[in-house]
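Chains A and B, in that order, give the protein sequences.
Take the first sequence: its letters are residues 0 to 256, numbered as in numbering that gives the first Met the number 0.
Take the second sequence: its letters are residues 0 to 63, numbered as in numbering that gives the first Met the number 0.
Source of the hints: derived by calculation from the structure; they are not laboratory data.
Check before you lean on any hint, since a few could be wrong.
[Claimed, not checked] Reference excerpt, derived from the structure (chain B facing chain A, CB under 7 Å, subset only): (1) 3; (2) 8; (3) 16; (4) 24; (5) 34; (6) 53.
Note that CB positions come from ideal geometry on N, CA and C, so glycine has one too.
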Amino acid sequence: MVHFNYLETLDLNIFPLQQIANLSILSLSNTLLTTYNLPLLTFLFVCTVRRADDSDVIPISLKLRNPEKFLYWLEVSGAYVGDIAFISVIFCRDEMAAIARTVGPALHFLTRKQVSTSLFARGYADMPFTLAAGNQVFYDNADVKQVDVPSFSGTFGILPKHVPTLAVLKPGIVTVFENDGKTNKIFVSSGTVSINDDSSVQVLAEEACLVQQLDAAAAREVLSKAQSDLASASTDVAKAEAAISVEVGEALVKAAE
Amino acid sequence: MSSWRQAGLTYVNYSNIAAKLLRRALKPEFRTEAARREDSNIRFTPWKDGKAQKHLTTAAETES
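One chain only, chain A, in its complex shape (with noise of 0.2 Å):
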């Protein structure tokens, strides 16, 4: 169909949309390959987008805008902040090379200028860290460098842009790395745990206490009368609360040493 002779791969950084609200690519997005065409010019440009820490490729939306002469501006949606796009530019030999070679520095240009805007690009947002139980707040918005929380679905830690994710909490340790660098524990009998998606993080206990606060001996205390009522217990609801206990109980050996 076309002939094409001129090539160039070009990375860069994906913004915040409302940054990169005026750079328009064409897609190529694993599935989807479209052509430009323009009066005397005919443009492919491939752009595939991937995770920075993975290899998956996404699929994106771009969209190619042209308001003046060899100015493009190339828009990404579906990508993340983080993201990589690796554009190639491919222009039709047959067609005013000489154009491609002026089109080719101001798309240098404008990858340029993203590309060191990125240097000023914000960097990790704050997560807002908020745990409170029954009577005692513990952190009220504070900025805190990591949360590990035990869940029904396993112990996962939280950094900040993690995932939006509701879970609810098991009883365990809610282990905080402060900025300063301290570890501070604190034992949750239950709860919720909320992620939102502006990285602020609350973790609601039904009852909380500083593991200091554990008394050892009382806690295996719990646990072996959990364990004798799950060996009396007779009906379902019983044995059921029991188990339960045997839970608690356990992990409030775990904690209190």
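With chain A held as given, fit chain B onto it using these hints.
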């Protein structure tokens, strides 16, 4: 997790049991304050035929 769901308990029940046990496992100096949290301020009075029946207490009151 599913074992208590099958028995008809909810996460709220689970949470209350866990909280109660945690309060019992605290060091003695924290236990008095914790006991205060356990008390329930709710008393249910069912009415029948225009007369108040025996007050019902919540599980927390019967336990402590």
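Cross-check of the supplied hints:
1. 3: holds (4 Å)
2. 8: holds (5 Å)
3. 16: holds (5 Å)
4. 24: Holds, because the Cβ-Cβ distance from residue 24 (chain B) to chain A comes to roughly 4 Å (cut-off 7 Å).
5. 34: At about 12 Å, which exceeds the 7 Å cut-off, the nearest Cβ of chain A leaves the hint on residue 34 (chain B) violated.
6. 53: violated (23 Å)
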